[in-house]
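Given the coordinates of chain D, assemble chains C, B and V onto it according to the supplied hints.
Okay, here's what each chain looks like letter by letter:
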Amino acid sequence: MLGTGILRGLKETARNVIGSFREKDRLPTVMYPEETVKTKENFRTFPFLVYDGDHAMPGLRCVSCRICEKECPPQCIFIIQERDENNKAVKHPRVFDIDFSVCMQCGICAEVCPFDAIKMDNIYELAGEDRFTGLLVDKHRLAKSNHYYHQIKPTEANEVDGRLAEDKRKAEEAAKAKAAAAAAKAAPPPTAAT
Amino acid sequence: MSIPFLIIAAVILASAWAAVSLRNLVHCGLCAALSFLATGTLYLYLNAEFLGLVQLMVYVGAVAVLILFTVLLTRPATEAADAVPTKRPAFWKGALIAITVGGAVASCLAVYAAPKASTAPELSIQEIGRLLTASQQNVLALIIVALLMTTALIGALLLAAPAEEDTKGGGA
Amino acid sequence: MNDALTLNGCLILSALLFGIGLVAVFGRRSAILVLIGIEFMLNAAVINFVAFWRFAHPSSDGMMFSIFAIAVAAAEAGVGLALVIALYRHRRSVRIDEIPPASE
Amino acid sequence: MTLVERIDQAPLLLQRWAVSFFPALLQPWVAMLISAAAIIGVFASLFALSTLAERKGLGRIQNRPGPNRVGPFGMLQPLADGIKMLIKEDIVPLRADKVLHFLAPIALIVPSLLVYSVLPIGRNLIAMQCQLGVLLFFAIGASTELSIFMAGWGSHNKYSLLGSIRAIAQMISYELPMVLAAVTVILATSSLDTVNIVEAQAGGFWAWHAFTPWGAIALLTFFICALAESNRAPFDLPEAESELIAGHLTEYSGFKYALFFMAEYLGMMAISGMAITLFLGGWQAPLPILNFIPSWMWFFGKLACFVVLFIWIRGTLPRLRADQLMNLAWKFLLPIALLNIGLAGLWVKSSGWIAWPISVILLGLAIVGLGRLLRGSRPRGGKRIYRYAD
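Protein chains in written order, with our numbering: chain D, 10 to 203; chain C, 23 to 194; chain B, 16 to 119; chain V, 568 to 957.
Bound conformation, chain D alone (with noise of 0.2 Å):
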C-alpha cells in the first residue's frame, strides 16, 4: 500500500524516541566530563616508567640500557645515563624524556624492555597549551609506582610481578649456588682432596 513505508519509519523513529528513555542502547551517549568509558585492561596510550617501593627516583627499575631508545620507531625517546662522581656508569638514567607529540603508542618500548620498567599507560586527558614543553615529557612525570600499574593494568602487572619474582628467586639461588660455589672453591672440603 502506498505510504506503509513511510509509516513503517515513523513508528521506527517514535520507537528511537521512546526508547532513548527507557533503554541504554537506544541512548549509547556518554556524558564526558562527568563521566567516562571505562577504558579495557589492553588500553593503551603512552609509555611511563615504573618504579618499585615508595619513592620514585630510586625505586625506577630503569637501569637506562638504552633499548628502548634504539627500538623506538619514531625516535621519541632520549636517554643520559647517570654517573657517579668518579665518571662511572650507573644503572639509572640521568635524564629520561620521552616527547608525547612524537610518540605514536605502539607500545614496542614495553615489549622490548628486559626489565619490566617501563609499560603503556592510560591516560588520554592530555591536552596542553603548550605545544612543545607541555607534551615533552621527563623521567618526573613519567614515574609511575607499580601500585599505579596494578591498579590500570592488574593481569598484566600480577603477570609481571611474578616474572620479577621469580628472576629475583632464580638469582638469589643462582648467587646462593655461586656463593656456595665460591665458598667451596675458597675453602676445599677436604674430602675432595684426598
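For the record, the hints were derived by calculation from the structure and aren't laboratory data. Quick caveat: nothing in here was measured; it's all calculated off a predicted structure. Don't take every hint at face value.
[What the hints assert, rightly or not] If you anchor each label on the Cβ, the simulated ranges turn out as follows:
| # | chain 1 | residue 1 | chain 2 | residue 2 | range |
| --- | --- | --- | --- | --- | --- |
| 1 | V | Leu-570 | D | Arg-35 | 17 to 27 Å |
| 2 | D | Pro-42 | V | Glu-808 | 55 to 65 Å |
| 3 | B | Arg-104 | V | Glu-808 | 29 to 39 Å |
| 4 | C | Leu-154 | B | Arg-104 | 33 to 43 Å |
| 5 | V | Gly-638 | D | Leu-36 | 13 to 23 Å |
| 6 | D | Gly-18 | V | Val-935 | 12 to 22 Å |
| 7 | V | Val-637 | D | Lys-100 | 52 to 62 Å |
| 8 | V | Ile-928 | D | Leu-19 | 39 to 49 Å |
| 9 | D | Glu-50 | V | Arg-939 | 34 to 44 Å |
Quick reminder that beta carbons are idealized off the backbone N, C-alpha and C, glycines included.
Relative to the frame of chain D, chains C, B and V by itself:
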C-alpha cells in the same frame, strides 16, 4: 486626495519608472513586482479587497516570479545585450513619446469634472461569487476565460518546453 | 477625504502608469521589459476600472471587468514569457530588434 | 461573565484594559499595536521553543540526547543560540547585490508575520477579522517567493541562486494543490472568513472537516504541501546541505541568518495554524465537555501536535529527488486535490450519507491508481546513461 493615496501612487510610479529604466534586468523585475504590490494596495485602499488580494496573488506571486525566471533563463544574452538600456537616444526618444501621451491624457483628466461622489460601494465576496456564476454574460465570460487560460497554459508549455532531441541522453 | 479628487488622482496615476508602460515598449530592446511594460499598461486600465467602480458607477460591472482583465493578463504574461524563452532558445538573444519578421 | 469565560477571553480583556489608558483617538491604533506585539512575542517565543524541541527531538530520534549543556536539561539553549546569532559578524560577500542581500530577510519575515493576522487563535482572538481571510493568507504567503529569490540573487553565488530557483519552483508547484485543498473547505462553508470557518466546525470532533472523506484527503494534501512550502524535510531540497551548501542561506550569517531561520519556523507554524483552522476545528474543543479549557489552549495544543509531527517527519524521511518532488506535486497531489473539490461539492449538495461510499470508492481508486503511476515513474529516457563515468 488623501495622504495614503499619494504615498501609494508615488510608490507605484517610482517603482514602475525604476522597472523600465534600470540596467539590471533582475532589478527591473523586482521593481515591477513592487509596483504590482503597490497597485494591489491601491485596490485595497479603494475598497476592492478581493481584487487587491487577487492582484497580490496573481501578479506578485505568479507573474513577477515568471518574469524573474525568464530573466534568469535568458541571462547570458540579456547581460550582454541589455546591460546598457539600448542606445540611449532611442530610450529617451521612446520616453518622450510615452511621456507626451501619458501627460496629455493625464492633463485632460486633471480638469475632468468627476461625477458627484457616491457612497463607497460594498461588494462582498459572496456577491462577487454570485455575479460570476449567476448572471448569463458573466458565466459565458468566465467559461471563455477558463478556456483561454487552459489554452494559454498548454501553449506556453509547448512553446517553452525544450525540443525533444535536447532532452535525450540522460542528464543533459 | 475628497472623493472626486481621489478619482482624478487615480485617473492621472493610471495615465502616468500607462505612459511608463509605453516607455518600456518603445524605449527598451529587451523583450522581457516590453512584456513588463504591457503589464503596466494593463494595470493602468484595471486601476481605471476600479476607480470608476469605486467613485462613479458602483454597479459591479467594473469589478467584473477588472477580474477578467487580471485573469487575461496572467494568461498573456505566461504565453509572452514562454515566447521569450522559445525565442531565446532559437536566437540566443531576447532583443526585439533581432527578431526576424514573421514571414521569414 | 463566569470565571471560565474570563480565562477564555483573558488576552482580549487584557488588551482592552491596556487600551483604556489611552485617549479615544489613539485607541484603535494602540489596540492594533498590542495585537501585533502579542503575535510577534508569542510566536517568536514559540519559535524559540520549537527550535529546542526540534534539536532535542531529532537527537532522541538519532539516539543522542541533544543539547543539554545550557541551563537545566539544555532549556536555555535557544537563548544561547540567540545571543550567538546576535553577536556574530554579519558578512556580506564582496560582489553581492548589497541592497537585495540586505532586504531579502526583511522581505521574508514581514509576510511570515503578517499571515498570523487572520488566524483565529481563540474565541474572539483574532488580530484582523477579514471577509477574505483565507485568500489573504495565501496571497501574502505567495509573496515570500520573491524574498527567497532576492536572497539567492543578492548573494552572488551559484549555489544560492540554484537553491533559490529550486525553492521557488517547489513553492509554486506545491502552492497549487495546497490552495485547492483549502478550496474544499471554502466550498463546504461558503465563506473565506477564518472565523466563520472555525464556527462552522463547532460541536465536537465529528463536526471537524477532517472527519469527512474529502476533508481527510484535503488535510493530508494540505499537510504534504505545508511540508514543501516551508522547505522542511523531506522537501528541503532548496537548502540541501550536501548538494547546495544550504542554498539561499549560504551567504547569510549572524542576525540575517537568524531572521531566515525564524521565517522558516514562523511559516511552518502559520501553515499549521491554517491547517488547524481549516480542517481541525481551530480553537474548538474536541468534545463539548472539554469546553472549560480555554479556547486558545486548544489552538496551541493542536499547533504543538503539528510541530511535533513536522519534527518527527524530518527525523524519519530522507530527502526527495528533484524529479520525485515535481512528480508528487503535479501527478499525484494535483489530480487528487481536483477530484477532492468535486467530492466536496457532492458532499455539500447531497444529504451526506450517500456521499460517503462514493467518495471512499473514488478517492481510493484515485490514490491507488495515481500511486502506482508515481511508483512507476522513472526519470525520463529509461535507463540512466552516464556520459563520463563509463
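Outcome of the hint check:
no.	hint	result
1	V/Leu-570 / D/Arg-35: 17 to 27 Å	violated (45 Å)
2	D/Pro-42 / V/Glu-808: 55 to 65 Å	violated (29 Å)
3	B/Arg-104 / V/Glu-808: 29 to 39 Å	holds (33 Å)
4	C/Leu-154 / B/Arg-104: 33 to 43 Å	holds (38 Å)
5	V/Gly-638 / D/Leu-36: 13 to 23 Å	holds (20 Å)
6	D/Gly-18 / V/Val-935: 12 to 22 Å	holds (21 Å)
7	V/Val-637 / D/Lys-100: 52 to 62 Å	holds (57 Å)
8	V/Ile-928 / D/Leu-19: 39 to 49 Å	violated (27 Å)
9	D/Glu-50 / V/Arg-939: 34 to 44 Å	violated (59 Å)
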